[in-house]
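Here the structure of chain A is known, so what remains is to put chain B in place on it, guided by the hints.
Number of protein chains: 2
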Amino acid sequence: MSKFLISKYTKLEAYTPGEQPRDMKYVKLNTNESPYPASKGVIDAVSDEEVAKLNLYPDPECKFLKEKLAAYYGVDYDNVFVSNGSDEILSFAFMAFSSEETGAIFPDISYGFYKVYGDLYNVDYTQAPLKEDFTIDVNDYLNVGKTVVIANPNAPTGLSLSLEDIEKILQTNKDNVVLIDEAYIDFGGKTCAGLIDKYDNLLVVRTYSKSRSMAGARLGFALASKEIIDDLNRIKYSTNPYNINRLTLLAGAAAIDDCEYYKACCNNIIETREYSKKRLSELGFEYLDSDSNFIFARTDKINGEEYYKKLKANGVLVRHFSDPKISDYVRITIGTREQMDTLFAVTEKIFSEV
Amino acid sequence: MSKFLISKYTKLEAYTPGEQPRDMKYVKLNTNESPYPASKGVIDAVSDEEVAKLNLYPDPECKFLKEKLAAYYGVDYDNVFVSNGSDEILSFAFMAFSSEETGAIFPDISYGFYKVYGDLYNVDYTQAPLKEDFTIDVNDYLNVGKTVVIANPNAPTGLSLSLEDIEKILQTNKDNVVLIDEAYIDFGGKTCAGLIDKYDNLLVVRTYSKSRSMAGARLGFALASKEIIDDLNRIKYSTNPYNINRLTLLAGAAAIDDCEYYKACCNNIIETREYSKKRLSELGFEYLDSDSNFIFARTDKINGEEYYKKLKANGVLVRHFSDPKISDYVRITIGTREQMDTLFAVTEKIFSEV
Numbered sequence: 030m031s032k033f034l035i036s037k038y039t040k041l042e043a044y045t046p047g048e049q050p051r052d053m054k055y056v057k058l059n060t061n062e063s064p065y066p067a068s069k070g071v072i073d074a075v076s077d078e079e080v081a082k083l084n085l086y087p088d089p090e091c092k093f094l095k096e097k098l099a100a101y102y103g104v105d106y107d108n109v110f111v112s113n114g115s116d117e118i119l120s121f122a123f124m125a126f127s128s129e130e131t132g133a134i135f136p137d138i139s140y141g142f143y144k145v146y147g148d149l150y151n152v153d154y155t156q157a158p159l160k161e162d163f164t165i166d167v168n169d170y171l172n173v174g175k176t177v178v179i180a181n182p183n184a185p186t187g188l189s190l191s192l193e194d195i196e197k198i199l200q201t202n203k204d205n206v207v208l209i210d211e212a213y214i215d216f217g218g219k220t221c222a223g224l225i226d227k228y229d230n231l232l233v234v235r236t237y238s239k240s241r242s243m244a245g246a247r248l249g250f251a252l253a254s255k256e257i258i259d260d261l262n263r264i265k266y267s268t269n270p271y272n273i274n275r276l277t278l279l280a281g282a283a284a285i286d287d288c289e290y291y292k293a294c295c296n297n298i299i300e301t302r303e304y305s306k307k308r309l310s311e312l313g314f315e316y317l318d319s320d321s322n323f324i325f326a327r328t329d330k331i332n333g334e335e336y337y338k339k340l341k342a343n344g345v346l347v348r349h350f351s352d353p354k355i356s357d358y359v360r361i362t363i364g365t366r367e368q369m370d371t372l373f374a375v376t377e378k379i380f381s382e383v
Numbered sequence: 030m031s032k033f034l035i036s037k038y039t040k041l042e043a044y045t046p047g048e049q050p051r052d053m054k055y056v057k058l059n060t061n062e063s064p065y066p067a068s069k070g071v072i073d074a075v076s077d078e079e080v081a082k083l084n085l086y087p088d089p090e091c092k093f094l095k096e097k098l099a100a101y102y103g104v105d106y107d108n109v110f111v112s113n114g115s116d117e118i119l120s121f122a123f124m125a126f127s128s129e130e131t132g133a134i135f136p137d138i139s140y141g142f143y144k145v146y147g148d149l150y151n152v153d154y155t156q157a158p159l160k161e162d163f164t165i166d167v168n169d170y171l172n173v174g175k176t177v178v179i180a181n182p183n184a185p186t187g188l189s190l191s192l193e194d195i196e197k198i199l200q201t202n203k204d205n206v207v208l209i210d211e212a213y214i215d216f217g218g219k220t221c222a223g224l225i226d227k228y229d230n231l232l233v234v235r236t237y238s239k240s241r242s243m244a245g246a247r248l249g250f251a252l253a254s255k256e257i258i259d260d261l262n263r264i265k266y267s268t269n270p271y272n273i274n275r276l277t278l279l280a281g282a283a284a285i286d287d288c289e290y291y292k293a294c295c296n297n298i299i300e301t302r303e304y305s306k307k308r309l310s311e312l313g314f315e316y317l318d319s320d321s322n323f324i325f326a327r328t329d330k331i332n333g334e335e336y337y338k339k340l341k342a343n344g345v346l347v348r349h350f351s352d353p354k355i356s357d358y359v360r361i362t363i364g365t366r367e368q369m370d371t372l373f374a375v376t377e378k379i380f381s382e383v
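From first to last, the protein sequence lines stand for chains A and B.
Going by my numbering, the first residue of the first sequence is number 30, and it counts up by one from there.
Going by my numbering, the first residue of the second sequence is number 30, and it counts up by one from there.
Just chain A, with the same shape it has in the complex:
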């Protein structure tokens, strides 16, 4: 830290991304990436000819991509915002819609970044405890008079909230933004994107990082009322107007055209997830009934941290969180069938040595 850093940031605890060790080649099941490569259309879109044109700025309005997204999701062009990964939208939304006065509420166990944004923007936030079974208690979010932030399905639990519950939250918080973070929606949850015309306080946040195999391209988008999208644009044009590079814009548009490929990838992941649940049961694990591309699991045979460490020593990365409420669990990204079989074989080996 320098002596120049202004005091309000000196105690900031930044977000810790999943580890990316380079000491050996791992089976990477720790950052919820898709195990499937970018589609042929995406590869073709990033042509040598387009790379040569990198001397030119990207379109700051991102018109072509937003038109594709609007058509695909059946919304108006003015209902779409795109960004350098969905984290950027979350950051803009916390900045724009929450404060010391407005406040925010989100689950105590959820995407770890919500708390970081709350701290960064000096938001008076509340972390509502999940129930014993790790589900969200919808009553905690009714008539709260704060910005509501909920990941659906939630992470790292993988559990979904029903559309009925989301509507209750929207109806009882009409003076506040309700941000539904649908990063994992394409693996079995029910999207609330269809509700943006009905509720002007709904902000749906999406990412290309999971179901569209583009974590490396950094592309997120939001669907909401024109007015909320205008506010996000106001923050974008006041921080970094050219926030998305030319190649990601091309790749993002091409991925929409290749939607059948990505649907097939999602179906594979869902199949592998259900297979993995069965295998985890056979190995003596308990797990939450995930609608996402990961499984949150624990076992009496070994504690979460030790299991994580032994897996890592054997070349398999999963994610462990130190929060005491979930420290007994690990979050396992669904990889290919082969990757999961490696995980299970290594697990059997670990159990045989415990």
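Worth double-checking, as some hints may not be accurate.
Pairs involving identical chains hold if they fit within one copy or between any two copies, as the list cannot separate such chains.
[Unchecked claim] Heads up, simulated SDA-like pairs for lysine to any residue below, C-alpha to C-alpha not over 25 Å straight-line:
(1) K92 x D162
(2) K292 x P66
(3) K306 x L85
(4) K69 x I285
(5) K32 x V104
(6) K37 x D148
(7) K82 x Q49
(8) K32 x P270
(9) K69 x D88
(10) K37 x D153
(11) K255 x S36
(12) K338 x S381
(13) K37 x D105
(14) K54 x T301
(15) K54 x E79
(16) K292 x G223
(17) K255 x Y44
Derived by calculation from the structure, the hints in this document are not laboratory data.
Relative to the frame of chain A, chain B by itself:
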């Protein structure tokens, strides 16, 4: 604007990027892009194989690229920060190092975004007037007790500050960050990057957008003391840790290896700039003695706004600013020799019709 936007942002005036009209094909001399394409090494680096791997997150630490930059600029790895365009660094730096209490000072005529960041982060900022001849009065920046932000060469004037003057500012503001924005340094100015070991308050900001033909890839970097770099990382990891995509990281590293190509491009631009100055004189223009890849020029024959409009109607885009102090001028990006000759031919046509 939605009713949810928190009040402090409701009056924010966002930055206006240079126009990118799509109604016809223009000779684009309005956003200071390089007229030369990305190098062969950059094109090769963004291979089909790498695009296929977009399913994986980029390295949030950007290690490989930062190692390349450190070696090229002869600084330590810990003295380098990279970002999604240099605007992102400017945004982070205003956020981290200036405030209502700390304040900031920058020239009244400079990169228009400084004022936007000042407003966004509620900074008590001062805009020091340029002298009559559009040079910076170094005395305005001595012992100011504020964060100092200076573009060197300045934009849109193209005029440089001497290293001696920059050292005076650094020496008399030891308790504040002095940010030198060297976006245009590779076209003839003298970099102060060699001073980062001597002054722990110096933050040098650079971009790949101009001299490295990569405006479309969005890549900026900063050179500074380890402590200042740590602070920038703290903001990055609290907003968007994966701020640079995989392909831009690869392109950025490859461009360092192709430095001879980019030096040749810069030399071409400098040659064309000097040629253009001569032609502008012949056409009856006055201009500032630019060290950058643009020329700030005016003429008694036609006012700045009208000239800009007539050029646009004839398929040539330059940039005009409405600020009354400079509204008589246009900023002309240096393109290829052919593009400049088109500009001059169109100008002769316009003059013949006035």
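Hint-by-hint comparison with the structure:
1. Neither within a single protomer nor between protomers do K92 and D162 lie at most 25 Å apart by alpha-carbon distance, with minima of 44 Å and 41 Å respectively.
2. Within a single copy, K292 and P66 get their C-alpha atoms as close as 13 Å, which meets the 25 Å cut-off; across copies the closest is 36 Å, which misses it.
3. For the identical chains of this complex, K306 and L85 are inter-copy neighbours only, at 24 Å across copies versus 48 Å inside a copy, given an alpha-carbon limit of 25 Å.
4. Taking the closest pair of Cα atoms, K69 and I285 come within 25 Å of each other only inside a single copy of the chain (12 Å); across copies the shortest separation is 29 Å, beyond that limit.
5. Within a single copy, K32 and V104 get their C-alpha atoms only as close as 48 Å, which misses the 25 Å cut-off; across copies the closest is 21 Å, which meets it.
6. Proximity of K37 and D148 under a CA criterion of 25 Å is satisfied in both settings, with 9 Å inside one chain copy and 18 Å between copies.
7. Taking the shortest Cα distances, K82 and Q49 sit within 25 Å of each other only across copies (15 Å), while inside one copy they are farther apart (31 Å).
8. For a Cα distance limit of 25 Å, the shortest separation of K32 from P270 across copies, 23 Å, qualifies, whereas the shortest one inside one copy, 30 Å, does not.
9. Taking the shortest alpha-carbon separations for K69 and D88, both the intra-copy value of 24 Å and the inter-copy value of 24 Å come in at or below 25 Å.
10. Taking the shortest alpha-carbon separations for K37 and D153, both the intra-copy value of 14 Å and the inter-copy value of 16 Å come in at or below 25 Å.
11. In this assembly of identical chains, the alpha carbons of K255 and S36 lie at most 25 Å apart only when taken from different copies (18 Å versus 36 Å within one copy).
12. With identical chains, the CA atoms of K338 and S381 are at most 25 Å apart within one copy only, with a shortest distance of 16 Å there and 78 Å across copies.
13. In this homomeric assembly, K37 and D105 never come within 25 Å of each other (Cα to Cα): the closest approach is 40 Å inside a single copy and 28 Å across copies.
14. In the homo-oligomer, the alpha carbons of K54 and T301 lie at most 25 Å apart inside one protomer (22 Å), although the nearest pairing across protomers, at 50 Å, exceeds that limit.
15. With identical chains, the CA atoms of K54 and E79 are at most 25 Å apart between copies only, with a shortest distance of 17 Å across copies and 32 Å within one.
16. For a Cα distance limit of 25 Å, the shortest separation of K292 from G223 inside one copy, 19 Å, qualifies, whereas the shortest one across copies, 52 Å, does not.
17. Taking the shortest alpha-carbon separations for K255 and Y44, only the inter-copy value of 20 Å comes in at or below 25 Å, while the best intra-copy value is 30 Å.
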